[in-house]
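Asks: Spelled out, the chains give:
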Amino acid sequence: MIPRTESAFDFQPRRVAAMMLRYWYLLRSSWPRLIELIYWPTVQMITWGFLQYYIMQNAGFFARAGGTLIGAVLLWDILFRGQLGFSISFLEEMWARNMGNLMMSPLRPFEFITALMVMSVVRLLIGVIPVTLLALLFFGFNLYGLGLALVAFFINLMLTSWAVGIFVSGLVLRNGLGAENLAWSIMFLFMPLTCVYYPVTTLPVWLQPLAWALPPTYVFEGMRALLIEQAFRPHLMIDALALNAVFFAAGVFGFLKLLQSARRHGSLMQTGE
Amino acid sequence: MPAPPAIEVERLVKIYKTVTAVDGVSFTVTPGSITGLLGGNGAGKTTTIAMIMGLIAPTSGRVRVLGAEMPRQRYRVLQRMNFESPYVDMPMRLTVRQNLTVFGMLYDVADLAERIRQLAEQLDLTDLLDRPTGRLSAGQKTRVSLAKSLINAPELLLLDEPTASLDPDTADWVRARLDSYRRERRATVLLASHNMAEVERLCERVIIMKRGRIEDDDTPVRLLARYGRLTLEEVFLDVARGRGEQSEAAQ
Numbered sequence: 001m002i003p004r005t006e007s008a009f010d011f012q013p014r015r016v017a018a019m020m021l022r023y024w025y026l027l028r029s030s031w032p033r034l035i036e037l038i039y040w041p042t043v044q045m046i047t048w049g050f051l052q053y054y055i056m057q058n059a060g061f062f063a064r065a066g067g068t069l070i071g072a073v074l075l076w077d078i079l080f081r082g083q084l085g086f087s088i089s090f091l092e093e094m095w096a097r098n099m100g101n102l103m104m105s106p107l108r109p110f111e112f113i114t115a116l117m118v119m120s121v122v123r124l125l126i127g128v129i130p131v132t133l134l135a136l137l138f139f140g141f142n143l144y145g146l147g148l149a150l151v152a153f154f155i156n157l158m159l160t161s162w163a164v165g166i167f168v169s170g171l172v173l174r175n176g177l178g179a180e181n182l183a184w185s186i187m188f189l190f191m192p193l194t195c196v197y198y199p200v201t202t203l204p205v206w207l208q209p210l211a212w213a214l215p216p217t218y219v220f221e222g223m224r225a226l227l228i229e230q231a232f233r234p235h236l237m238i239d240a241l242a243l244n245a246v247f248f249a250a251g252v253f254g255f256l257k258l259l260q261s262a263r264r265h266g267s268l269m270q271t272g273e
Numbered sequence: 274m275p276a277p278p279a280i281e282v283e284r285l286v287k288i289y290k291t292v293t294a295v296d297g298v299s300f301t302v303t304p305g306s307i308t309g310l311l312g313g314n315g316a317g318k319t320t321t322i323a324m325i326m327g328l329i330a331p332t333s334g335r336v337r338v339l340g341a342e343m344p345r346q347r348y349r350v351l352q353r354m355n356f357e358s359p360y361v362d363m364p365m366r367l368t369v370r371q372n373l374t375v376f377g378m379l380y381d382v383a384d385l386a387e388r389i390r391q392l393a394e395q396l397d398l399t400d401l402l403d404r405p406t407g408r409l410s411a412g413q414k415t416r417v418s419l420a421k422s423l424i425n426a427p428e429l430l431l432l433d434e435p436t437a438s439l440d441p442d443t444a445d446w447v448r449a450r451l452d453s454y455r456r457e458r459r460a461t462v463l464l465a466s467h468n469m470a471e472v473e474r475l476c477e478r479v480i481i482m483k484r485g486r487i488e489d490d491d492t493p494v495r496l497l498a499r500y501g502r503l504t505l506e507e508v509f510l511d512v513a514r515g516r517g518e519q520s521e522a523a524q
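Line by line, the protein sequences give chains G and U. Note that the numbering used here gives residue 9 to position 9 of the first sequence, counting from 1, and the numbers run on in steps of one. To convert, take the position in the second sequence, counting from 1, and add 273; that gives the numbering used here.
One chain only, chain G, in its complex shape (with noise of 0.2 Å):
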């Protein structure tokens, strides 16, 4: 039997550690990479915002509904960050050509996940913190005053992002940079399907089961029954759970074989197209 240590399924938290750090000293070390984690969800916020406060001047519904879309807005970078984060961390590896030295490491591809995972949340929360004060400031918005129903929709959306963010990382691991594209553009398949914007009903029927095969759909109507009906609902979160242990058991799943993938067709050691 292989002891404990020497196997794959090892896990040292010093080892996650060192890629904490790793990335934590790439953003250090470059104010562009800190300004693009805030530029975008402050641009998007602001236009969403004012589109909001346009309507609620001039429809009796969003003025019931008030919030929605700024919510929305919000909820959505929350999900299209978390994936984001997690993708870019690991195109950093591809692009400073260093995956060879560390998959010659022994550097475990669940420490490398979970590395990932925490800089995910740490790069949102440079973004979206700033962004939320904002839309409190000049929209009247306060996202924490959703509470506890807020740590709910947060877990579930960056559960999606993270199962997406793992898969498509082997994409790129076994396919090179040719597949970097996926890695910005993924998650906006999601968008129409997950009614961010709008309810579910709002699909064509035979839609509908699709979008409610998606864990953030559940997040997104829950986020409009606290809105709209002031109401919380515990199903929705825990039905989106339950997908998401799902999606993430896939993405790892997929992950594992496009690394074993890329091993036999030697994109290990390629760091081009």
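It is worth saying that the hints were derived from the structure and are not from the lab. Note that the Cβ used here is the ideal one computed from N, Cα and C, for glycine as well. The reader is advised that the hints may include incorrect statements.
[What the hints assert, rightly or not] Which stretches of chain G does chain U cover? Using the computed rule of at least three CB atoms under 8 Å from a CB of chain U, they are:
id : region
1  : 7-15
2  : 26-38
3  : 99-109
4  : 253-267
Go by the hints and put chain U onto chain G.
Replies: Coordinates of chain U only, in the frame set by chain G:
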């Protein structure tokens, strides 16, 4: 009883779609030795080394490193080995100290600050420790990569073209450091190169590869005698061009 080989390669084959990169290669490397893997571009040196490191899975055949089957049992031995290759870089935005700290933590090096200080002194990096790696010259970067490859004081060191793109003076300096490390640590070194002077100076044994196969395997002295040549470069040319063709050309 003789010590088990540090590296055992047995009928190793790697086929990429229709291209056979390595074609039935077998050899062993004894512990504490320094072996050169010599060959032109596309000879299969890098693929062979990558399979020994576990970065590439063989199509068939087997590789055992320090007693572990690669790539399946790689986590048994990755802590005890390291490598340097021109196909990978150190993160450029991080300073030399930051890079060595990260890799030292990955290899679980005890008393890391002291180890970095020692390596910096040995490899003449002390004044460069707090400079971003990307702002160093090619020679300085090579020394940093070498420091990374020695951070865990590996028993087995795999080097792929360790002095490529270096000026002769720096290349000679790097070779001297590698040689002294190997002697002090009694480490095993496998060195892939197409720099004949390097192989001649450092290696006790030379494996010459051509088109994915081993063409010859002996000590430099015996190779020179067998081919009736004065330098390994001439031997290499004989092998690369085919000995018969070479003789005809000489006539």
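Asks: Decide, hint by hint, whether the structure agrees.
Replies: Here is what the structure says about each hint:
no. : hint    : result
1   : 7-15    : holds (count 6)
2   : 26-38   : holds (count 3)
3   : 99-109  : holds (count 10)
4   : 253-267 : holds (count 5)
Violated hints are absent here; each numbered hint is respected by the structure.
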